[in-house]
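> Here's the letter readout for the chains.
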Amino acid sequence: GEDVEQSLFLSVREGDSSVINCTYTDSSSTYLYWYKQEPGAGLQLLTYIFSNMDMKQDQRLTVLLNKKDKHLSLRIADTQTGDSAIYFCAPWGSQGNLIFGKGTKLSVKP
Amino acid sequence: DTEVTQTPKHLVMGMTNKKSLKCEQHMGHRAMYWYKQKAKKPPELMFVYSYEKLSINESVPSRFSPECPNSSLLNLHLHALQPEDSALYLCASSQNPGQGRGGEQYFGPGTRLTVT
Chain A
1 GEDVEQSLFL SVREGDSSVI NCTYTDSSST YLYWYKQEPG AGLQLLTYIF SNMDMKQDQR
61 LTVLLNKKDK HLSLRIADTQ TGDSAIYFCA PWGSQGNLIF GKGTKLSVKP
Chain B
1001 DTEVTQTPKH LVMGMTNKKS LKCEQHMGHR AMYWYKQKAK KPPELMFVYS YEKLSINESV
1061 PSRFSPECPN SSLLNLHLHA LQPEDSALYL CASSQNPGQG RGGEQYFGPG TRLTVT
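Top line first, the protein sequences correspond to chains A and B.
Residue 98 in the numbering used here sits at position 98 of the first sequence, and the numbers go up by one each step.
With positions in the second sequence counted from 1, the corresponding number in the numbering used here is that position plus 1000.
Please note: incorrect hints may appear among the correct ones.
Stated by the list, open to error - When the alpha-carbon atoms are kept at most 20 Å apart in a straight line, the in silico PhoX-like pairs for lysine-lysine are as follows:
1) K1040/B / K1009/B
2) K1038/B / K1009/B
3) K1041/B / K1018/B
4) K36/A / K1019/B
5) K109/A / K68/A
6) K1041/B / K36/A
7) K1038/B / K102/A
8) K70/A / K56/A
9) K1040/B / K36/A
10) K1009/B / K1022/B
11) K105/A / K1038/B
12) K105/A / K36/A
13) K1040/B / K102/A
14) K70/A / K102/A
15) K102/A / K1041/B
16) K105/A / K1009/B
17) K68/A / K56/A
18) K56/A / K109/A
19) K1041/B / K105/A
20) K56/A / K67/A
21) K36/A / K56/A
22) K1009/B / K1019/B
What the hints assert, rightly or not - A few chain A residues that don't get close to chain B, going by computed Cβ distances all over 10 Å:
23) D54
24) K68
25) D69
26) A77
27) D78
28) K102
29) K109
Unchecked claim - What the simulated footprint calls covered on chain B by chain A, stretch by stretch (three residues with Cβ under 8 Å from a Cβ of chain A suffice, anywhere in the stretch; the number is not a length):
30) 1039–1045
31) 1102–1111
For the record, the hints were derived by calculation from the structure and aren't laboratory data.
Glycine residues also receive a C-beta, built at the ideal position from the N, C-alpha and C atoms.
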């Protein structure tokens, strides 16, 4: 079946860049999404990339896609304490739904 | 208005109770979703309504009964739940159901359900 893998934890210092990596198995995914979830809250759509793109930049966020290796990454520049949250990689699956990874908990230390 | 609202925020119910969760959006989105999220886990899709018709039911037990009275409202009726059903229930909506951009979903804050 479709699977999405992410590392579970990432810790960075304030001001550094954070890179969250994701691998997925469904090569037919047309859109690949990143969602953020703060404690006790719902999910917030951060950004997405279309499968025919290699890179997408949106302010402090950069998404890189290596379609051949089925590898997606999210880079957050100048990471702030407010970026502390769980980040979910979520390709659009062939069944017409989001396939969520287990989430990466980002901790930002002052 | 890019907000999805959910009521109630918290719900405690016994195993013999009947209760309902409510979700509302006014973005003109044509797809609405129910997800269940256990602690430290990703959301699990339960139901999808597309143009007010149930399009996906992810083999959810019949003690969960969804309803979409109109394009802005989504309900989840609960009956005879088990303690393992305790979780955060999230509602979401999207403009484009069933296509790649259907993943562009707006989530509500969730209802924290505890079954005693």
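> Hint by hint, note whether the structure agrees.
Verification of the hints:
1. The suggested pairing of K1040/B with K1009/B holds, with an alpha-carbon distance near 19 Å, which does not exceed 20 Å.
2. Using a Cα cut-off of 20 Å, the hinted pair K1038/B and K1009/B holds, with the two alpha carbons roughly 16 Å apart.
3. Using a Cα cut-off of 20 Å, the hinted pair K1041/B and K1018/B is violated, with the two alpha carbons roughly 26 Å apart.
4. Our distance criterion of 20 Å between C-alpha atoms is broken by K36/A and K1019/B, whose separation comes to about 29 Å.
5. Restraint check for K109/A and K68/A: the C-alpha separation of about 35 Å exceeds 20 Å, so the hint is violated.
6. Between K1041/B and K36/A the alpha-carbon distance is near 13 Å, which keeps this suggested pair within the 20 Å criterion.
7. Between K1038/B and K102/A, the direct Cα distance comes to roughly 11 Å. Compliance with the 20 Å bound is thereby established for this hinted pair.
8. Pair hint K70/A plus K56/A holds up; C-alpha atoms about 16 Å apart against a cutoff of 20 Å.
9. In summary, the hint linking K1040/B to K36/A is supported, as the alpha carbons are separated by about 13 Å, within the 20 Å threshold.
10. Distance check on the hinted pair: K1009/B and K1022/B sit about 10 Å apart at the alpha-carbon level, within 20 Å; holds.
11. Between K105/A and K1038/B the CA atoms are separated by roughly 15 Å; this keeps the pair inside 20 Å, and the hint holds.
12. Taking the CA atoms of K105/A and K36/A, the gap is about 10 Å. The hint holds against a cut of 20 Å.
13. For the given pair, K1040/B sits about 8 Å from K102/A by alpha-carbon distance, which is consistent with the 20 Å threshold.
14. Annotation: proposed proximity of K70/A to K102/A holds, straight-line Cα distance about 17 Å (limit 20 Å).
15. Restraint check: the Cα-Cα separation between K102/A and K1041/B comes to about 6 Å, which is no more than 20 Å; the hinted pair holds.
16. Distance restraint check for K105/A and K1009/B: the Cα-Cα separation of roughly 24 Å exceeds the 20 Å cut-off, and the hinted pair is therefore not satisfied.
17. Taking the CA atoms of K68/A and K56/A, the gap is about 17 Å. The hint holds against a cut of 20 Å.
18. Annotation: proposed proximity of K56/A to K109/A is violated, straight-line Cα distance about 27 Å (limit 20 Å).
19. Between K1041/B and K105/A the CA atoms are separated by roughly 11 Å; this keeps the pair inside 20 Å, and the hint holds.
20. Straight-line distance between C-alpha atoms of K56/A and K67/A comes to about 14 Å, which keeps the hinted pair within the 20 Å bound.
21. Under the criterion of a C-alpha separation no larger than 20 Å, the hint pairing K36/A with K56/A is consistent with the structure, at around 17 Å.
22. Distance hint between K1009/B and K1019/B is fulfilled; the C-alpha atoms sit about 13 Å from each other, no more than 20 Å.
23. The non-interface label for D54/A is consistent with chain B: the shortest C-beta to C-beta separation is roughly 17 Å, beyond 10 Å.
24. The Cβ of K68/A sits about 19 Å from the closest Cβ of chain B, beyond the 10 Å cut-off, so the non-interface label holds.
25. Residue placement check: D69/A keeps its beta carbon more than 10 Å from all beta carbons of chain B (closest about 20 Å).
26. Chain B leaves A77/A outside its interface by the beta-carbon criterion, the shortest separation being 23 Å against a cut-off of 10 Å.
27. No Cβ of chain B comes within 10 Å of the Cβ of D78/A; the nearest lies about 25 Å off, and the non-interface call holds.
28. For K102/A, the shortest C-beta to C-beta distance to chain B comes to about 6 Å, within the 10 Å cut-off, and the non-interface label is violated.
29. At roughly 21 Å from the closest C-beta of chain B, the C-beta of K109/A stays outside 10 Å, upholding its exclusion from the interface.
30. Figure legend: the segment 1039–1045 of chain B, annotated as covered by chain A; annotation consistent (4 residues with Cβ-Cβ distances under 8 Å, at least 3 required).
31. Coverage of the segment 1102–1111 of chain B by chain A holds in this model, with 9 residues showing a Cβ closer than 8 Å to a Cβ of that chain against a need of three.
The structure fails to meet hints 3, 4, 5, 16, 18, 28 from the earlier list, while all remaining hints are met.
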